[in-house]
Amino acid sequence: MSSAVPSRPKTVLVVDDTSANRRLYASILETAGFVVHTASDGEEALLAVQTSEPSLVLLDYMMPRLDGLGVLCALRGDPSTRDLPVVMLTASAEPDHIDRALDAGANDYITKPVNGKILVARIRSMISAYSGTPRDGAEHDALLADLDDAARVQEAQLPVVPVKASGWTVTGAVVPSGKIGGDLFDIVVESDGRVISFLLDVSGHGTASALVAAEIRAEFRNLIRGRSLSEAFARLNAHMSRRATGKFCCLAAVETAENKITIVNAGLPPVIIVRRNEVVESVWGSGIALGLFGESSYEETVVRVLPGDRVVLLSDGLTEPFGAADDSRAAIDRLALWPREGDSWEDPRELRSRVSAASSGSSPAMDDDKTVLVLSLDSPWIQKTEFPPTRESVAAAVRFAQTRCPEWVDRERLDHGLTEAVTNAIVHGTLGISSELRAEDTYQDFFKQKPGSLDDLDPIEIAIEQTLDTFAVHVRWANYPCPPSRQRATAPPPSGTPLLEYEAHGMGMRLIHSLFDRVTWDDDGLGLSLYLARLESAA
Amino acid sequence: MSLPVRVDVSVAREMLDVLERAVADSQTNIVLDLRDTQSLDSTALGAIVTVLKKCRAEAGDLVLACVGEGVKRVLAITRLDRVMGVYETRQKAVGRFLENEQP
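Protein chains in written order, with this note's numbering: chain A, 1 to 539; chain B, 1001 to 1103.
Don't take every hint at face value.
Quick look at which bits of chain B chain A covers, simulated, 3 or more residues with Cβ under 8 Å [unchecked claim]:
| # | segment |
| --- | --- |
| 1 | 1011-1021 |
| 2 | 1037-1044 |
| 3 | 1061-1068 |
| 4 | 1086-1096 |
Under 7 Å between C-beta atoms, here's a sample of chain B residues computed to sit facing chain A [as the list claims (entries may be wrong)]:
| # | residue |
| --- | --- |
| 5 | 1005 |
| 6 | 1027 |
| 7 | 1049 |
| 8 | 1051 |
| 9 | 1054 |
| 10 | 1057 |
In case anyone wonders, no lab produced these hints; they're calculated from the structure.
Using N, Cα and C, we set each Cβ at its ideal position, and we do this for glycine too.
Let's have the full structure, built from the sequences with the hints guiding it.
This is the structure:
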């Protein structure tokens, strides 16, 4: 047990180029029990910081030689004075000056004329907050070792990313402001394929926040099973309110499905959905931050998504220090998270280094835990069909495509086209003798007639790709390329021919070319891509 | 009560002490003047809500006055602006209590 150490008077360095001001502030502070040193310009101030080792610097903004901003930058750039509290003091109430001072790391800003009581109260508060209780070396070392250990545990509790589930890739990174913090993220993959990714930020930072964050994570993982997001949020809120830890929690969760996501965001900066180079949706304020009031409800937002879309969740440590707590878009700029070819965003080390780099320009006084969680919908979806195909398996392939196609695609066209595409992929592509297939034959019957050709065939892959304006089905098989002569469409029947008669003209490329807006073949003749453009009425 | 430019963990504890003492002294109608305040961190928000709930438990209230753009954004994304009084001026904030006192 350490013995009580009597507190010594704290030293304040007053820096002002006007001697009357120096005398006034020194008088106020000495009366309040502080030891005061003074300096009359910036360069003198930097020397005085080294010699007098103040607990706080009261710093005038406008000064000759080196101004207050220059002194502040020098202090923040020196590891030995990086955390020294600085209160800027000036006659100017220019918002621009205030912004610059805070951005450069000022802890507070007071405009002249100053009320003596307010000056003393703020300086006392600032010194109290930034000075630790004196400890002997061994105790200090033990505490640091304990924190290092806690940091390792907290890091190990994060999921191993990237996680790939239900067509989504999810990754994330946490950079606490201290050794441990109150931010974390997690990904829950349930046995029925439901995937919930969430990011939480407990108020404050440090050990107490980390403890609360760990409890909330466990509780939310438990609550989310079998419940909607909104219900789980409401229950978690009630739970936190009962616990009365003095902390509250900002939490955002995203439930991902194949073509839509459900979002609840209680208190975090906007969750944004990025498509190419645009923010297409921004979700925030689904309900009050958790743990503040016992009875609250939470609203779910459902957003339809396309392959390649990216969903980004952020803690306010990545937005607020840069001036606007709700500016997620600017944070995406800083983190370079706009989708681009060959980007290594999935790599958690890369993401972590971007988070660290993104915060380097912020004010040290506003440093907070920083966390990002990124979800990306993979493209395309792929299903392997049974081989040799029965009518049922072809129908299943069509349904597979239909369930994933957007509302603006004509399903009848798709059905006809895809059925033909699958059969032609098999018949033209694998055996090249479609004319031998009789209408009454099942494909199974047909292949039974050619048993020798089946052994080296792999399942056919049906892949779906969707962009803003186009829906595409890709069909690909492993062997027996379709010769170029058979890839082209034959002449279409006369305009106005009923579809059934049209179909009766013959299975094959003619129908496929007429039903799809564009048909392309892979160079090797082993796959074709069928494109449907957005219907004009749906555009 | 007036608060500094940035109300963070360094100020929040003292603010909480002062406000809790006020509530203990039966001063349960409180206006926090944020004219100088550009940002509130989560610790400060937590402290404000703690005092707000204590005031309301005593049939009083805590409201915010002269709220700037930065603080407004924080209140909006946490939705605290839906559950507590936020006023453009100190006069309007004080007026909220005077209205309640009228017969």
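Right, here's what the structure says about each hint:
Counting residues of the segment 1011-1021 of chain B whose beta carbon lies closer than 8 Å to any beta carbon of chain A gives 3, which meets the minimum of three for the stated coverage. Check on the segment 1037-1044 of chain B: 5 of its residues sit with their Cβ under 8 Å from a Cβ of chain A, so the three-residue criterion for coverage holds. Look at the segment 1061-1068 of chain B against chain A: 0 of its residues bring a Cβ nearer than 8 Å to a Cβ of that chain, fewer than three, so the hint is violated. Residues of the segment 1086-1096 of chain B lying with their CB closer than 8 Å to a CB of chain A number 0, which falls below the three-residue condition for coverage.
A distance limit of 7 Å between C-beta atoms decides the matter here; for residue 1005 of chain B the minimum to chain A is near 4 Å, and the interface restraint holds. Taking 7 Å as the C-beta contact cut-off toward chain A, the hint placing residue 1027 of chain B at the interface is violated, the least distance being around 18 Å. Here the hint on residue 1049 of chain B is kept, as its CB sits about 5 Å from the closest CB of chain A, short of 7 Å. With its C-beta approaching chain A no nearer than about 12 Å, residue 1051 of chain B sits outside the 7 Å limit, and its interface hint is violated.
Residue-level restraint check for residue 1054 of chain B is violated (minimum Cβ-Cβ distance to chain A is 12 Å; threshold 7 Å). With a least beta-carbon distance of about 12 Å to chain A, the hint placing residue 1057 of chain B at the interface is violated under the 7 Å criterion.
Of the hints listed earlier, those the structure fails to meet are numbers 3, 4, 6, 8, 9, 10, in rising order.
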